[in-house]
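Here's the letter readout for the chains.
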Amino acid sequence: MSAETATDFSAHLPALAVMVPLMTAPLVVIFRNSKVAFGLSLAAAWSVFGMILKTLMLTLEHGGWVYELGGWKAPIGIVYNVDTVAAFVMLIVSGIGALVLSYAPMSVAREIPENRQTLFYSAFLLAMTGLLGMTITGDAFNVFVFLEISSLASYTLVAMGSSRNGFTAAYRYLIMGAIGGTFILIGIGLMYMMTGTLNMADLAERLPEVAHTRTIMASFAFVIVGAGLKLALWPMHTWLPNAYTYAPSVASAFISATGTKVMVYVMLRFVFGIYGTEFAFTELSLGLPFAVLGLGGIYAASTAAIFQTNFKRLLAYSSVGQIGYIVLGMSLATVGGLAAAILHLFNHAIMKAGLFMAAGHINHQVGSVRLADLEGIGRKMPITMGLIAIGGAGLIGVPLTVGFVSKWVLISALAEQDLWWVVGLALASSLLAVAYIWRFVEVAWIREPAPALEHVTEVPFWLWGPTAVMMTLSIVFGVWGAGTTEVAMEAARILLGVAA
Amino acid sequence: MTEDLILRVVTKVLTPFIMLFAFYTQFHGDYGPGGGFQAGVILAAAFVLNALTFGLPQVRKALPDRIMIIGTGLGVLLYAGTGMVSLFRGGNLLEYGVLDHHSPVHGQHLGILLVELGVGITVTSVMWVIISTFMERAVEDAEGGEG
Numbered sequence: 001m002s003a004e005t006a007t008d009f010s011a012h013l014p015a016l017a018v019m020v021p022l023m024t025a026p027l028v029v030i031f032r033n034s035k036v037a038f039g040l041s042l043a044a045a046w047s048v049f050g051m052i053l054k055t056l057m058l059t060l061e062h063g064g065w066v067y068e069l070g071g072w073k074a075p076i077g078i079v080y081n082v083d084t085v086a087a088f089v090m091l092i093v094s095g096i097g098a099l100v101l102s103y104a105p106m107s108v109a110r111e112i113p114e115n116r117q118t119l120f121y122s123a124f125l126l127a128m129t130g131l132l133g134m135t136i137t138g139d140a141f142n143v144f145v146f147l148e149i150s151s152l153a154s155y156t157l158v159a160m161g162s163s164r165n166g167f168t169a170a171y172r173y174l175i176m177g178a179i180g181g182t183f184i185l186i187g188i189g190l191m192y193m194m195t196g197t198l199n200m201a202d203l204a205e206r207l208p209e210v211a212h213t214r215t216i217m218a219s220f221a222f223v224i225v226g227a228g229l230k231l232a233l234w235p236m237h238t239w240l241p242n243a244y245t246y247a248p249s250v251a252s253a254f255i256s257a258t259g260t261k262v263m264v265y266v267m268l269r270f271v272f273g274i275y276g277t278e279f280a281f282t283e284l285s286l287g288l289p290f291a292v293l294g295l296g297g298i299y300a301a302s303t304a305a306i307f308q309t310n311f312k313r314l315l316a317y318s319s320v321g322q323i324g325y326i327v328l329g330m331s332l333a334t335v336g337g338l339a340a341a342i343l344h345l346f347n348h349a350i351m352k353a354g355l356f357m358a359a360g361h362i363n364h365q366v367g368s369v370r371l372a373d374l375e376g377i378g379r380k381m382p383i384t385m386g387l388i389a390i391g392g393a394g395l396i397g398v399p400l401t402v403g404f405v406s407k408w409v410l411i412s413a414l415a416e417q418d419l420w421w422v423v424g425l426a427l428a429s430s431l432l433a434v435a436y437i438w439r440f441v442e443v444a445w446i447r448e449p450a451p452a453l454e455h456v457t458e459v460p461f462w463l464w465g466p467t468a469v470m471m472t473l474s475i476v477f478g479v480w481g482a483g484t485t486e487v488a489m490e491a492a493r494i495l496l497g498v499a500a
Numbered sequence: 501m502t503e504d505l506i507l508r509v510v511t512k513v514l515t516p517f518i519m520l521f522a523f524y525t526q527f528h529g530d531y532g533p534g535g536g537f538q539a540g541v542i543l544a545a546a547f548v549l550n551a552l553t554f555g556l557p558q559v560r561k562a563l564p565d566r567i568m569i570i571g572t573g574l575g576v577l578l579y580a581g582t583g584m585v586s587l588f589r590g591g592n593l594l595e596y597g598v599l600d601h602h603s604p605v606h607g608q609h610l611g612i613l614l615v616e617l618g619v620g621i622t623v624t625s626v627m628w629v630i631i632s633t634f635m636e637r638a639v640e641d642a643e644g645g646e647g
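Residue numbers (this note's numbering), protein chains in the order written: chain A, 1 to 500; chain B, 501 to 647.
The set of hints was computed from the structure by calculation and includes no laboratory data.
Backbone N, C-alpha and C fix where the C-beta goes; we use that ideal spot for every residue, glycine too.
Be a bit skeptical, because a hint or two may be false.
Pairwise CB distance ranges, derived in the manner of DEER restraints [stated by the list, open to error]:
#  : chain 1 : residue 1 : chain 2 : residue 2 : range
1  : B       : L556      : A       : E114      : 21 to 27 Å
2  : A       : Y192      : B       : F537      : 18 to 24 Å
3  : A       : M106      : B       : T633      : 26 to 32 Å
4  : B       : G581      : A       : T309      : 47 to 53 Å
5  : B       : D565      : A       : L425      : 54 to 60 Å
6  : B       : L556      : A       : R116      : 17 to 23 Å
7  : A       : W72       : B       : L556      : 40 to 46 Å
8  : A       : E205      : B       : V510      : 53 to 59 Å
9  : B       : T633      : A       : R370      : 29 to 35 Å
10 : A       : P449      : B       : L556      : 20 to 26 Å
Chain A residues, not near chain B, derived (Cβ > 10 Å throughout) [said to hold, decoys possible]:
#  : residue
11 : A15
12 : I30
13 : R32
14 : Y67
15 : G70
16 : P75
17 : R110
18 : R164
19 : Y192
20 : F222
21 : P235
22 : T282
23 : F404
24 : L431
25 : V443
26 : E458
Work out the full structure, taking the sequences as your base and the hints as a guide.
Here is the structure:
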């Protein structure tokens, strides 16, 4: 915190944004009443959203600041590194968290046993705390601590699903997640060994001296593979489909929209903020493997999505494919490419959260999200299906949706580098999205309603309302893409250290 | 639960000493090796030893699960609350120096004492809740096997 802002209370907002969910989580456990738990969580999530919104506005206006926890100066103390990139990602996490929580009570009541509901809310808040903390912190070890908080809470959320498959899915998620987390920790440890510091800014300063040692190269490899595992970079995504499929709907919507996104952000911070563009992309040529894995992910996962028989699993595979676009943007290491990656973090988070929430509607009314059980459901649940159609259009990249804006920015960035064949591949991949979305449309609308669905009705407003808000946002930011694109460009410039 | 006389007597004799050592570790943590985490584990070990020797229900009489679950949250709140108090007294989050306006050193001491106490409460409670949950399952399985 600089001297000018020392007296201004708003300098504390990012730290408060982490503290509020952290303190609400134990309160929820103490009160042990699911209604109180919901009320407290909702209030916490929306107040955090407000704080982050204010923080983002401050960073856009005056630039970022450094917040010293405990008043200890960096590099000895732990600092929070407040800037536009961090604030933007925190806005995604808190906004999605708040909207998903607004939708939660009915879905939670349907899917989670009464005696575990408070624990569910508590785990949800802890996952949020971890994700927010990981984003804001300027200390490499602190990243790992918050990573573990969010991961452990996410495993718990996944395991609370009503199906027994949730346990095996959560266990697999736990094993893969623990490997990813450990790799990141080893990478951080190796960096600490060579530089004697854990502060990110300090690390960035001291690393170039020792960059050519094998230790630093190994640390780089560990961090990239660890973060890749956590963000479900193809082909390290195998934990993801089951985890998203069997998690309770509320958890699927929140984790799918934020968990992997924050890991992408952590990877951006490490690659561009600590190791530096030159080390990562010139000396070690990270660009090519990222481009290959990104494209591979887009094609392999989107193709796999076409053949799924479960709607949530279809969405999960689509997530892996969409992460491919983000990684493809990162691989360029240009302002345009990074902006495309950051923009798609935001845009995909909105679409996927909305789609998983809509899947929650279906599960609420039908008790299943297997495509075979959903024949002709479009006529029974028109609002839900309309919302899914908007989300699906976004995944394909239809104009006027956020998906189009992301693809537009990504393709301009690729074209800037004269990578025309990649442009072609990225455009052609939209056809795969058309195929898997069509598969659902065909089942839901064109087939005759199955007799089992005779008494199915539309969900109440309290379920479809928040989902509709999410989908409306996906259109608002699709039509008015210039605003989010500008924030993403600014964020990319900060990461690359380029002046506007 | 065991009928072994030696185990029962030794457990009874050792329990107060284990607990005393836990408190020593807890409050000595400001200046020397120790602290809330270690103290919490040691204190929980005293409960676990008793549960193994005298059975889970005996220990639950003294430590109802309800109380211990509140403890898991209370410790975190104490820790975070200390951080928040320093924030509202004009410092940064967790800046204990401002807890005492006359002497920052005393403030630091008070801050770390409260924070470590919070850690101790949470660790003791979490350890006990985890272990009692597992032991309960083992008891249920054993009863199910007989019936």
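Each hint tested on the structure:
1. Between L556/B and E114/A the C-beta distance comes to about 24 Å, which sits within the given range of 21 to 27 Å.
2. A hinted range of 18 to 24 Å holds for the C-beta pair Y192/A and F537/B, which are about 21 Å apart.
3. For the pair M106/A and T633/B, the beta carbons lie near 29 Å from each other, so the given range of 26 to 32 Å is met.
4. Checked against the given bound of 47 to 53 Å, the beta carbons of G581/B and T309/A, roughly 50 Å apart, stay inside it.
5. Between D565/B and L425/A the CB atoms are about 57 Å apart, so this pair conforms to the stated range of 54 to 60 Å.
6. As the Cβ distance of L556/B to R116/A is approximately 22 Å, the hint placing it in 17 to 23 Å holds.
7. About 44 Å separates the C-beta atoms of W72/A and L556/B, a value consistent with the hinted range of 40 to 46 Å.
8. The supplied range of 53 to 59 Å is met by E205/A and V510/B, whose beta-carbon atoms lie about 58 Å from each other.
9. Judged by the Cβ atoms, the range 29 to 35 Å given for T633/B and R370/A holds: they are separated by roughly 33 Å.
10. The hinted range of 20 to 26 Å is not satisfied by P449/A and L556/B, whose Cβ atoms lie roughly 53 Å apart.
11. Separation of A15/A from chain B is inadequate, the least Cβ-Cβ distance of about 4 Å not exceeding the 10 Å criterion.
12. For I30/A, the non-interface assignment is contradicted: its Cβ lies about 4 Å from the closest Cβ of chain B, within the 10 Å cut-off.
13. At the 10 Å boundary, the C-beta of R32/A falls inside the reach of chain B, the nearest C-beta of that chain being 8 Å off.
14. Non-interface status of Y67/A relative to chain B is broken: a Cβ of that chain comes within 10 Å, the nearest being about 7 Å off.
15. For G70/A, the requirement that its beta carbon stay farther than 10 Å from each beta carbon of chain B is not met, with the minimum near 4 Å.
16. The Cβ of P75/A sits about 16 Å from the closest Cβ of chain B, beyond the 10 Å cut-off, so the non-interface label holds.
17. The beta carbon of R110/A is kept farther than 10 Å from every beta carbon of chain B, the shortest such distance being approximately 25 Å.
18. For R164/A, the condition that its CB be more than 10 Å from all CB atoms of chain B holds, with the nearest at approximately 17 Å.
19. Once the 10 Å rule is applied to beta carbons, Y192/A is consistent with being away from chain B; the minimum gap is 21 Å.
20. Residue-level check passed: F222/A sits 27 Å from the nearest beta carbon of chain B, beyond 10 Å.
21. The beta carbon of P235/A sits about 35 Å from the closest Cβ of chain B, which is more than 10 Å, so the claim that it is off the interface holds.
22. With a minimum CB-CB distance of about 39 Å to chain B, T282/A clears the 10 Å threshold, and the non-interface call stands.
23. With 10 Å as the threshold on Cβ separation, the claim that F404/A sits away from chain B holds: the shortest Cβ distance comes to roughly 41 Å.
24. With a minimum CB-CB distance of about 50 Å to chain B, L431/A clears the 10 Å threshold, and the non-interface call stands.
25. Listed as outside the interface, V443/A is consistent with that label: its C-beta sits roughly 42 Å from the nearest C-beta of chain B, beyond the 10 Å cut-off.
26. Every CB of chain B is more than 10 Å from the CB of E458/A (nearest about 39 Å), matching its label as outside the interface.
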